[in-house]
Amino acid sequence: MLYFKSVKIKNFRQLRDIELSFGVNHSRPLTVIRAENRTGKTTFLTALAWALFGNDALKARKAYRMHPIDWDIQKEGSTVPISVEIHFTNEDEETLNKEDYIVRRECIETLETDGRDSFTVSGQDPVLYRVTERGHETIPNPTAYITRRLFPLSLKDIFITDGDKTLSFIDSEDTANNRKERVKRAVRSLMQLEALERASAHVKDVRRDINRTIEYNSSSESNEIQILKEYNDNEIEYSLIPQQLEVQEENLSTIKDLLSSLEDELSQAYTKVGGDPQEKALELARLKQEHAELLRDLDKQYLEMGNYLKNNSHMIYAQFCQDDFRALDTELTSQIEKGVIPDVMPQIVKERMQVGTCICGLKLSEHPDVLEHFKKLADTTADSEQTMFLLQLKHDLINWTQSTDASYGFRQFSHSAGSDLIRIRKKIRITEDRISDLSAILEQTKDVDIDSLRMRINQARADEREILELQGQIKANERLLGARLADLKKQKDQIVKKVGKKDTAENRLTAADDILRIIVTTIEALGVDTLNEVSAVMNDIFQKINVQDEADQSVIVSVAISQDHEIVVNGINSKRLVPSTDISGAQKRALTLAFIFATVQVSGRELPNIIDTPLGTQSGELKRLMLEYTALNTKQAILFLTSSEIAGVEDVIRKYTDRYWTLTHADHYPRELINRPPVSTKSAYICACDIQSSCVLCARKGGNK
Amino acid sequence: MSVTSNWNPLVSSSTRLAFPATLFDIAVSFCRKNKDEMGQSKQVQDAPFERYVDLWMLALILGRRQGKYDPNAQLKEFIGGDIFQGDLARISIILSIAIAHEGLDTQLVSNPKLCMKIANGYVAGGLQDVLDALNSRGGKNIENLFRELASED
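Sequences listed follow chains P and G, in order. The first sequence begins at 0 in numbering that gives the first Met the number 0 and counts up one residue at a time. The second sequence begins at 0 in numbering that gives the first Met the number 0 and counts up one residue at a time.
Do not rely on the hints blindly, as some may be mistaken.
Claimed, not checked - Mimicking DSS-like on lysine-lysine, the simulated pairs with C-alpha atoms at most 30 Å apart in a straight line are:
#, chain 1, residue 1, chain 2, residue 2
1, G, 41, P, 287
2, P, 97, P, 203
3, G, 116, P, 309
4, P, 309, G, 139
5, P, 393, G, 67
6, P, 426, G, 41
7, G, 75, G, 34
8, P, 74, G, 112
9, P, 74, P, 7
10, P, 228, P, 426
11, G, 32, P, 299
12, P, 474, P, 497
13, P, 425, G, 67
14, P, 393, G, 116
15, G, 32, G, 139
16, P, 155, G, 139
17, P, 287, G, 139
18, P, 155, P, 4
19, P, 155, P, 228
20, G, 112, P, 309
21, G, 139, P, 299
Don't read these hints as lab results, they were simulated from the structure.
Please take these sequences and the hints and turn them into a complete structure.
See below:
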């Protein structure tokens, strides 16, 4: 395990001159640095990380100013020496051998006097010493030594953390994808994959080199290089053909299955209706149309019969009253023969009276006697109209007699109309029966959308044709490529044979492929295993440190990390809770710390946990559990706590803390600090006061609690 | 030589066409001129007669045919003889029946009032037969009527 013994910080932003030691008692693993907000806690963490990892620990190094902001060029000069030195011990857990190290990283920031606060940086490489009885041994290549053997860079964010910032694993306003990415990065950092990933990249490089060796060493002639390149390209393309064919074969199989299923469905519909349902539906529509026409024919027939009643009552009379008819005919004949019905004046008399002149030209108005005669003639004419009616009647009776036997006689008409009605009705009945049968049949397939089914079948057939066509093209291409490849291979073999490196290169290439495959598989397997392990441990830790009110709706049953790296919170009745909205602030912090502790535990590394503001503003019970868990599960924890975090858990802190410090910032004077600070207004300083005591340096208005 | 088409001795008759008062409502219900309760026109199969006069003519013929003559029936008139204007065939039937009724007295053509009275008497006698024929079978009224009339000997 590794633990920090002390640190010296010079001119690192507001930490102008800080030197302190850390507790190394494993039964009291806490070092508590009491520090209010805006005193330089984050800067302290950054300084430690910079000492170990250099610029990789800084965000935007070029813009990151390390020198104190109140550096006075006039008094202090334009060059600022900045340094952080950590004294730490690495203890072998098996042998218990201890090795002390000192890592010192320093740089010079040269301030420009252009008034733009610009600066240049020089010399940032660390120096690493092993402290032995014989003195300090400088260790070569210190960066690699630190990050590979002592404190892996990938674990930086796990062991040096900001309690507030870690909430971003579950409670970020950022997108879910970014949250998942953070979790993924943290989990992957545990896998120590750098070596494997470097190996993977290396093998890829080697593979490329081998190919180049084959290609370029085989011939210096550009034509031969071209042949080898073409061979390689063709070989790759040719090697992909079986896969392409397989894909198309799968597509074809899928389409055929679909087609078969659709055709079955259609066939079932056919069987149900005893033929093509669409044709049956058309037939039904036709029958309905025919039925409507027959009903119209029926109405037409009724109308014709009605018209007969209206217009041909004489026919009915002639049919029914034959006796009257004959007797009348006989009577009229007799009267005509006897002269009873006279041969009377024509219509001309009336016409002459209307014109006012006689046919001889005599004006009737001038001859009253003639006019009177005409009037008498007119009266006679009136009698004559009645006589003419009888003559007309006799004539009509003859016609009617003859027509009673004709087709338009009532009886004939009635029989004909009756037959037509029967015929039409029969057709209607047959049609209705057929409509009823067809409707019943089609009812069975009403849920089957035949049109849609046919359309889908057509589409599937078109897809099938397209795939077959594509397969044909691929096979044609395969033949062409195969032929070309065979030709190229001959040429290649000749070339490779010429340089005698064929077997060696190909074997190396095969070996490189195998190694690469193993590495990739290993990375994938490690990823899944590690994720599952972190998930399980996180749940275990969370159950230990979480405090929840069972009456609360957001009772958490378990927590986990999904395979796509999302932190998942499961409530009662398998209800999934959204961490950012459904759980309390205390639970969020407990969950994020559980995640951090789980990653620490799974990493298997025993490194100092340096945590800024781990407790936040949570309730006493949660703080107590979290603090106890931290104390019992770490060998060394350096905690930066505010007074409000300390409040309520002083007893726990006292129980597990070996070393106390208080960090104060001069800028808090005079508003919060009682006494004038001993340093410039923009600097922080340290004293050895514990969590409940205060001195002239750190005494705050209203007390330090 | 013939009578003019406008010749209508019945127009001068003060006697109007009539149905027996007791059968009037049911009789006119078979006429399409009489709308149904909803004010809608009836269909020909249900109301075979377009006008009252069409039913009146058939009742006259059937009454004469059956020898059913009821001159004393209480009548309800509905229209004058001018309805026959221009319909010489019907005028001929009415006058023929009246002549036959009066023992083939052809002079009756000069007495349209009597002709109409005789006609209304036969209508009063024959109307019930027409109504019976309309309802005689299970089919449509018009069909019943034709079948019934056709089956008459």
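Hints and how they fare:
1. G:41 - P:287: Satisfied, since the Cα-Cα distance of roughly 25 Å is no more than 30 Å.
2. P:97 - P:203: Violated, because 40 Å separates the two Cα atoms, which is more than 30 Å.
3. G:116 - P:309: Holds, because 22 Å separates the two Cα atoms, which is no more than 30 Å.
4. P:309 - G:139: holds (18 Å)
5. P:393 - G:67: Roughly 25 Å separates the two Cα atoms, so the pair holds.
6. P:426 - G:41: This hinted pair holds, its Cα atoms lying about 25 Å apart.
7. G:75 - G:34: holds (19 Å)
8. P:74 - G:112: violated (151 Å)
9. P:74 - P:7: The given pair, whose Cα atoms are some 23 Å apart, holds under the 30 Å limit.
10. P:228 - P:426: Roughly 84 Å between the alpha carbons, so the hint for residue 228 of chain P and residue 426 of chain P is violated.
11. G:32 - P:299: Distance of about 19 Å is within 30 Å: holds.
12. P:474 - P:497: Outside the cut-off at roughly 33 Å; violated.
13. P:425 - G:67: violated (38 Å)
14. P:393 - G:116: Holds, because 23 Å separates the two Cα atoms, which is no more than 30 Å.
15. G:32 - G:139: Given that 30 Å is the threshold and the Cα spacing comes to 18 Å, the pair holds.
16. P:155 - G:139: Roughly 103 Å between the alpha carbons, so the hint for residue 155 of chain P and residue 139 of chain G is violated.
17. P:287 - G:139: holds (23 Å)
18. P:155 - P:4: It holds: about 18 Å lies between the C-alpha atoms, which stays within 30 Å.
19. P:155 - P:228: With Cα atoms ~45 Å apart, residue 155 of chain P and residue 228 of chain P exceed 30 Å; violated.
20. G:112 - P:309: holds (24 Å)
21. G:139 - P:299: holds (14 Å)
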